[in-house]
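K.L.:
Sequences listed follow chains A, B and C, in order. Read in order, the letters of the first sequence correspond to residues 1 to 238 in my numbering. Read in order, the letters of the second sequence correspond to residues 1001 to 1616 in my numbering. Read in order, the letters of the third sequence correspond to residues 2001 to 2160 in my numbering.
If you're looking for bench data, these hints aren't it; they were derived computationally from the structure. Check each hint, because a few of them may be wrong.
[Stated by the list, open to error] Derived pair list, reagent style BS3-like, types lysine-lysine, alpha-carbon separation capped at 25 Å:
1) B:Lys1055 <-> B:Lys1084
2) C:Lys2093 <-> B:Lys1576
3) B:Lys1043 <-> B:Lys1020
4) B:Lys1101 <-> A:Lys89
5) B:Lys1324 <-> A:Lys89
6) A:Lys58 <-> B:Lys1597
7) C:Lys2147 <-> B:Lys1043
8) B:Lys1587 <-> B:Lys1597
9) B:Lys1597 <-> C:Lys2146
10) A:Lys58 <-> B:Lys1050
11) B:Lys1043 <-> C:Lys2016
12) B:Lys1101 <-> B:Lys1055
13) A:Lys89 <-> A:Lys104
14) C:Lys2006 <-> B:Lys1597
15) A:Lys124 <-> A:Lys106
16) B:Lys1331 <-> A:Lys58
17) B:Lys1331 <-> C:Lys2016
18) A:Lys15 <-> B:Lys1020
19) B:Lys1050 <-> B:Lys1003
20) B:Lys1336 <-> C:Lys2016
21) C:Lys2006 <-> C:Lys2028
22) B:Lys1499 <-> A:Lys116
23) B:Lys1576 <-> C:Lys2147
24) B:Lys1043 <-> B:Lys1055
25) C:Lys2146 <-> B:Lys1294
26) C:Lys2028 <-> B:Lys1609
27) B:Lys1003 <-> B:Lys1276
28) C:Lys2147 <-> B:Lys1294
29) B:Lys1597 <-> C:Lys2140
30) C:Lys2146 <-> B:Lys1576
31) B:Lys1609 <-> C:Lys2016
32) B:Lys1576 <-> C:Lys2028
33) B:Lys1055 <-> B:Lys1020
34) B:Lys1294 <-> C:Lys2006
35) B:Lys1497 <-> C:Lys2093
36) B:Lys1134 <-> B:Lys1355
37) B:Lys1336 <-> A:Lys116
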Amino acid sequence: MSETITITINGREIKAEPGTTILRAAQSANIYIPTLCDNDELTPWGSCRLCMVEITQKQRTRMVASCIYEVADGITVQTETPRVSNVRKLVIELMLARNPYHAKLKELAAYVGVAKSRFDVDLKECILCGECVRVCREVVGVSAIGYKGRGNERVVATPFEGPAVDCIACGSCSYICPVDAIPLKEENGIRTIWNTEFAMQKCKKCGRDMAPIKQLEYFQKNYNLPDNHFDTCIHCRT
Amino acid sequence: MEKITSPEQLKALQESIVAKRDPDKACVTVCAGTGCLAYGTQKLIDNFKKEIKDKKLEDTVSLRSSGCHGFCERGPIVVNYPDKTFYQRVGLDDAAEILEKTVANGEVIDRLLYEEPVTGEKITLETDVPFYNKQMRLLLAQNPEIDPVNVDDYLAVGGYQALGKALSAMKPEGVIQEVIDANLRGRGGGGFPAGWKWDATRKAEGDIKYVICNADEGDPGAYMDRSLLEGNPHSILEGMLIGAYAIGSSQGYIYVRNEYPLAVTNATLAIENARKLGLLGDNILGSTFSFDVKIVRGGGAFVCGESSALFASIEGRSGEPRAKYVHATDKGLYDKPTCLNNVETWANVPLIINKGAAWYQSIGTEGSKGTKIFALVGKINNTGLVEVPMGTTLKEIIYDIGGGIPDGREFKAVQTGGPSGGCIPKEYLDTRVDFDELTKLGSMMGSGGMIVMDDRNCMVDVALFFLRFLEEESCGKCTPCREGVHQMRIILERITKGKGKEEDIDTLQWMGEAIADGSLCALGRSAPAPVLSTIRYFREEYEAHIRDKKCPAGVCKALITYTINADCTGCRLCVKPCPTQAITGEKKQLHTIDQDKCIQCGACYEICKDAAIIVA
Amino acid sequence: MEKTIKSIIDRYEGDKGFLVPMLQDVQKELNYLPQEALNLVSSFLELPISRVYEVATFYQAFSLEPRGRIQMALCKGTACHVRGVPLIVDHIKRELDLEEGETSEDLEYTFETVNCLGACALGPILVVNGEYHGQMTISKTSRLLKKLGKESQKSEEGKS
């Protein structure tokens, strides 16, 4: 028996089911909170810290990550305060020092009011939001990529920074990356991702490139499909 | 060893062990903590063993290698019981002499006695040594009396009696109430009331609950927990057993950092012995309470001292913390209710159960009860472990017990709270040390590391040191810590190289506030503390680096020069060690340093007997 | 190698939670964590290799590169730092021509700075293959390096 919870966001009363995060409650009421590591297909991660808000609960005020904090009766949420603004500005300036070029970051910079980062650029492209690692682990289920190292030296990598041995070249990581830092190339029946080449399955009827063989084998195994299930492409199947 | 099946049997066992021991028989106790072992004490212990065996002295003297005695500056340490003759800086070959003179004839060996630095008075007894008698050693007192691998020693001093009392005469809720009434606050740094944590865990939903001892002790310069776990592992087990009984847990873990191999060894042996005696396992002391403990070693990550990162590490993952909006007492290790406490917190529990909350409340200040062990290190005469009641002043600890600053130098600051804490200047030496007072000063109690600095330490360099440490230890998950600490470090480095900019101090303060607000875990949230506290109390030092490009303490290489002054007697000692051959001079003539070649390595300064090398 | 790894896994009853201690035991056995060993751990524990690699690269205790015969670890704790460790670090770097964390090409020396060893009264401390050398100064370090150098030469001569 779960009772609907009432909270206040920026003075507006919002109702939500127990277990809803402040971020989702705000989004469903069309209140904007900037995010980068959040994705509704993935478990909340709370690493970019852009979504931080100031909440007051039982007379105590503190900063929390709205993508993780669940609604509770009586809390008051402020999404735009000086403290919130300072954290967002710092986070954006720090990210711009890794990747000053991508449109998504420039868009966020404009929103939080940062014209330029005061930090010297040490170009890395990847902003370590973790979405690629999480999608590979949680949605695709192969954990082909993970982290190497910790702290500022941390990078997203294939095992031993070598060939992506467990990868099925589905491209989910490349697709989900908010700053397009994972290149995916397809040429002459070969898909290349993480510096590893994957042969594409050709339709036995029309010869079109369908999908990477490894990816189709993965589906076959996981869904107990017959061996010849992917011999023909969607267009040629009747 | 046979399993003990009731508290009465435990008492009887204790009495029989004590009865078999002749209180008048000489017992030579050698400190065998990691610090003293590093002095080579194992050789001394082996020599004692050999002498006793060869001269067939087994009936007249026993030998005990004990846990850390705490007066680490003066190791190797040998105390002869029962009279408690105290020998310090014992030579590794002195075993025979000690046995012949002191043990056999009661003759005191003068050169091994502690000498009072001011009066020159020689002190014979351990109890008269000022370093010890100005402390209140409740937790560390047992260390000299116990060989950590011999459970009988622990039983002989009353070990596990508190467990017996709790299991036979107290209900779990009663145990919790006692700890709440005592106001035992967590000794790991958070200072959270342990009793309330136990209560929350007990009340949490679920049948499987965990009890964890946090022995990660990552603060550099702090080794209280090492000494407790190495020297008296049973006291920790007893505390955990009492806690587990109170909470309703049957599985515990001791998470020990990788760099403490002796603590792991001794704790493992203690667990084995406790199991043999039935003090761990099923139906402990004949009750319905069952509990066992596993030891997990860390992999070398400061962040794993943070509870959620510690859980991740025990679960076989990398030590990434997670947001603690749901408390560990509800969902901790493996998402089960978990009570995590520090080593020293657990060690306090048997005392509280044995002597009662009212007694515990009589020690300390209004908000902080009991004693605290501090690791007094750095530029201090008496480096060692100091246990004092909460409320003792910094001055008493540093001067009365610590013996002040060596080499006649001036006190500059004391750093407490590790990388999460701050530096406290001399204006606040009269501060009574407790959780709240240190927080008011912009520092914190932390786990107990107390690093003393003198006028030859540069506070900007100290801030940089902590930032480098935190940068390496950051797990890398959240942006403010991973990138923010990195950028703060870059700014500090620029300042120490003479490339500081006028706006740097303001930038550091702005960044500090945002990092403290935005970081995911306590490592990141407290990372700015060393920088912010040094800016607060030593702003002029920052300004000297930034505006004048000078390092007043003579530390930051880019801002100092080494020169030789007129005190030089031309002994030529400094010429050879110079890696760039920058020093020239004839014998008995004033030498000079070629500034173009000098790399400020410090070799000449170290070796000069005339104190003629000026670093400025 | 397969037998060695299997026996280590069995020592912890194949419990995935003990991945960190398992890797420590592997490193103790093999001097470092070779790729092959990590792949074996991954298959025996049925954990993705990316996860094993992530843990192996997260913790400071692990080395994925072979380490030297003489392992030198200088404590970089706060107490040692304020007693002048940075100057000793520079000295060792100059003498051995190694950066912190590096192993010499001939696999003779590994030089690392490590977190606080908890023996602060003896600071600065240098640990050489488990042996503690306390109260180090630049001159003491020089003498120690010279002594190790001679031993190193003897060992080389012994090999040839």
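K.L.:
Can you name, in rising order, the numbers of the hints this structure does not satisfy?
P.N.:
3, 4, 6, 10, 11, 14, 18, 19, 25, 26, 28, 31, 32, 37
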